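Trainee: Chain by chain, the residues:
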Amino acid sequence: MADEAARLEQQAALADAAWVSPDLPLRANLSLLENIAIALQYRLNLPSDNAQARSWALLEQTELTAYAHQRDCDLAYSVRFAGKFLRALVSEPPRLVIDRPALLLPDIPYPRWLPAFLDRLNGVQPPLPPCLALDYTWNQVLWN
Amino acid sequence: MIRNMATSESIIAALGCTAVQRWRTFQVTGRLAGRAVVEALSPRFYGNSATRSVVAKQIYFTAWQILPAFTLFAAMLSFVLIEIVVSTARDFGLSEYALEMTVRVLVIEIIPLLTALFVATRSGAAINTEVALMHIHNELEGLRQAGIDAMRFELVPRVIGGAVSVLALTAISSSVALVIALLLVYGPQPWAWAEFGQVLARIFTPLSVIGLWLKVLLFGVVVTVIPIASGLQVPRKLFFAPIAVLQGMVRLFFVLMLVEVGSLALRYI
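Residue numbers (this note's numbering), protein chains in the order written: chain A, 1 to 144; chain B, 1001 to 1269.
The hints are simulated quantities; they were obtained by calculation from the structure and are not laboratory data. Since this is a predicted model, take the numbers as computed values, not measurements. Cβ coordinates follow ideal geometry from the N, Cα and C atoms, glycine included. It is possible that some hints are incorrect.
Stated by the list, open to error - If you want a taste of the chain B side facing chain A, the calculated C-beta under 7 Å gives, among others:
1) 1025
2) 1027
3) 1050
4) 1100
5) 1138
6) 1142
7) 1145
8) 1147
9) 1148
10) 1205
11) 1206
12) 1239
Okay, chain B solo, but in the shape it has when bound (with noise of 0.2 Å):
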């Protein structure tokens, strides 16, 4: 009978620890991503060379070092999946409706999640062990007695970085694919320019493209967001870093789930 009470005591203290957990986790990252968002919207922020050095490095690093493979790779998966579909399409008899669907999966869909899935797997596990370290070691507070904001100068120019980054990368290959779209559907004839553009005018609403552009938005800021606070919460000790970039990887590719299905849901349902 105790040994029943003091494994259910256990049990729920096991529980409220997990949720103190989990809940200091999203203020943490609540508490960054609304920093990053009030300093990316802050002229200030801009003023300083430094930061602004920073946010130049990171869009290097996470979206200019990658442009070419990545859009190489943006473009071979695209010709797959578009002449995987119209070629289906073709065969079912609905040749009319292929270009429509493609661009919709193809444009909305899946390029944006790609693009941000790529940058989590390529940057977001760097900055996660970078941050890590960086708060294990100390190095935080020594910028700090050093009169640096380490937030303002290590932390938020990475989130801006990367939210441009996305953005950039999502674009160029999104304009990849609607190139390799038109020419697989139509072929090299300009006079089927004016129909493509009618198809594209019918998918990319107004609203439509405000939708997309707040998920890659927010595909950007979440690839970097979650993996800083990954870091920032990890115990002064060095075994701890590679706790805390499995976890910060978990947490990202959750996350970026809950975005897409959320977007699919607001669309189609």
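Okay, chain A solo, but in the shape it has when bound (with noise of 0.2 Å):
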């Protein structure tokens, strides 16, 4: 996209979409762990014990276990980045958007960095649905 106005476009045009933002933040009193699992808990009224085992199993399969309890403000921005994506990915949508990932990952190669991470997520439950990054124009030169 070539600046915010085309941004907002494919916000409305993705309205459908679960984002993985940076203008979506996880909650910020609760752990990386709560903050994936309260989507479950609530969105499938689930007991919490077992919205938590569901939200662990996702974090192991990321190798983010050592995080679990860590609240948002001690996150490394990988971290957060996938507690958000998690958090994304068990509301189930249809299609999962990661909005400016230079954002999100601004310290690390985004470009080789989230093809690895995405591999790890193969075989999860819920299934990875379609993902697609937004990414500014600017930036095209990193993906390449």
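Assemble the dimeric complex from its two separately framed chains, guided by the hints.
Mentor: Printed below as a string of structure tokens:
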């Protein structure tokens, strides 16, 4: 996308998708595990233990269990991104949009890191929907 | 002449802005209170384990955590006030009215108001700050994107938990005050219990009990709804957070006083 106006257009066009965005933070007073579990617990009306066990399994699959009990302010960019991604994933959306990855993952080479992260989620439950990264055109060179 | 017109126009504009702002505040508060009442009466609300857990947490932080300290405070205050009233009444030869006067003032007026003020300063301020920060950081929208109704999951449980907490704390501290009144007025004499019961029956008529619990329930709803509404109305800039808390707390104080004065007027005028 060329600019902010184009991004807002995309946002309207992709209204049915779940967004992983710098504008949509995790709940500050919940741990990484709780942030994912609460989405499961609320949506599926699961018992808390069950929701936490399923969230733990997702964190295991992405090798992030070491950060499970840390809160948003203590998380590295990549772990925070994973938390937002997994929270969006458990809402079982038809599509997942990674909004401005340069802002979500400013300290790592995200065009290489993102596919590796998504590979780790192969075979996960709920299954991974089609994912789309929305990046500015001036970052195109990074993806090439 | 032109300057005077400009000044009066700006005054009218400022008054208009204030009126619109107040009306919006009233709307947000009313909508939130209405939603809380509807959800509280809906069995579906309690069917969701996530919302139930937020209600339980709110009751834990608002009532359970402070229960020993608050009960001790209420006991000490009751002891001092009852002692003052009983000894003054004795000096003026009005001992027979001492118990009734004590119960009417302490249990029906002072304890419910003090409980509401205590919960307001402790939990109301915390809720106001938390909701303001959640709103500023866009966390509520983040929850919505994750398929969670933020109003139902984060806000309404706080109102229900707060109301239950104020009711419970008032009931416990009022009971403690009644026991202290019995012991101070009659001493530990079982024969006096019947007379004590007669005095209570005279004070707590069905209408008076309903009025008291409605007032306490209103206190409980107000101490959470006003801070939440104040937090939701803050502009999305971090430096507005303290202003939201300040405005919320001032509004809350005046509304609590309004409820108290209104209930006194209904009861005695």
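Trainee: Have a go at the residue 1206 of chain B hint: is there a Cβ in chain A nearer than 7 Å to its own Cβ?
Mentor: Status violated, d = 40 Å.
Trainee: Would the hint on residue 1148 of chain B stand, with a C-beta cut-off of 7 Å toward chain A?
Mentor: Status holds, d = 5 Å.
Trainee: Per the CB criterion, is residue 1239 of chain B less than 7 Å away from chain A?
Mentor: violated, 18 Å
Trainee: Can you verify the interface hint for residue 1027 of chain B: is its Cβ closer than 7 Å to any Cβ in chain A?
Mentor: violated, 26 Å
Trainee: Restraint: residue 1147 of chain B near chain A, CB-CB cut 7 Å. Satisfied or not?
Mentor: Check passed: Cβ of residue 1147 of chain B comes within 4 Å of chain A, closer than 7 Å.
Trainee: A closest beta-carbon separation below 7 Å is what the hint needs, so does residue 1050 of chain B meet it against chain A?
Mentor: holds, 4 Å
Trainee: Using the nearest Cβ pair, does residue 1138 of chain B come within less than 7 Å of chain A?
Mentor: Where the cut-off is 7 Å and the nearest Cβ of chain A is about 6 Å from residue 1138 of chain B, the hint holds.
Trainee: Using 7 Å as the Cβ threshold, decide whether residue 1100 of chain B counts as touching chain A.
Mentor: violated, 47 Å
Trainee: If you take the shortest Cβ to Cβ gap from residue 1025 of chain B to chain A, is it below 7 Å?
Mentor: violated, 25 Å
Trainee: With chain A as the partner, please determine if residue 1145 of chain B meets the hint condition of a C-beta pair closer than 7 Å.
Mentor: Since the shortest Cβ distance to chain A is 5 Å, the answer is holds.
Trainee: Have a go at the residue 1205 of chain B hint: is there a Cβ in chain A nearer than 7 Å to its own Cβ?
Mentor: Nearest chain A Cβ about 44 Å off; hint violated.
Trainee: Taking the closest Cβ pair, is residue 1142 of chain B under 7 Å from chain A?
Mentor: Check passed: Cβ of residue 1142 of chain B comes within 4 Å of chain A, closer than 7 Å.
Checked against the numbered hints above, the structure breaks hints 1, 2, 4, 10, 11, 12 and satisfies the rest.
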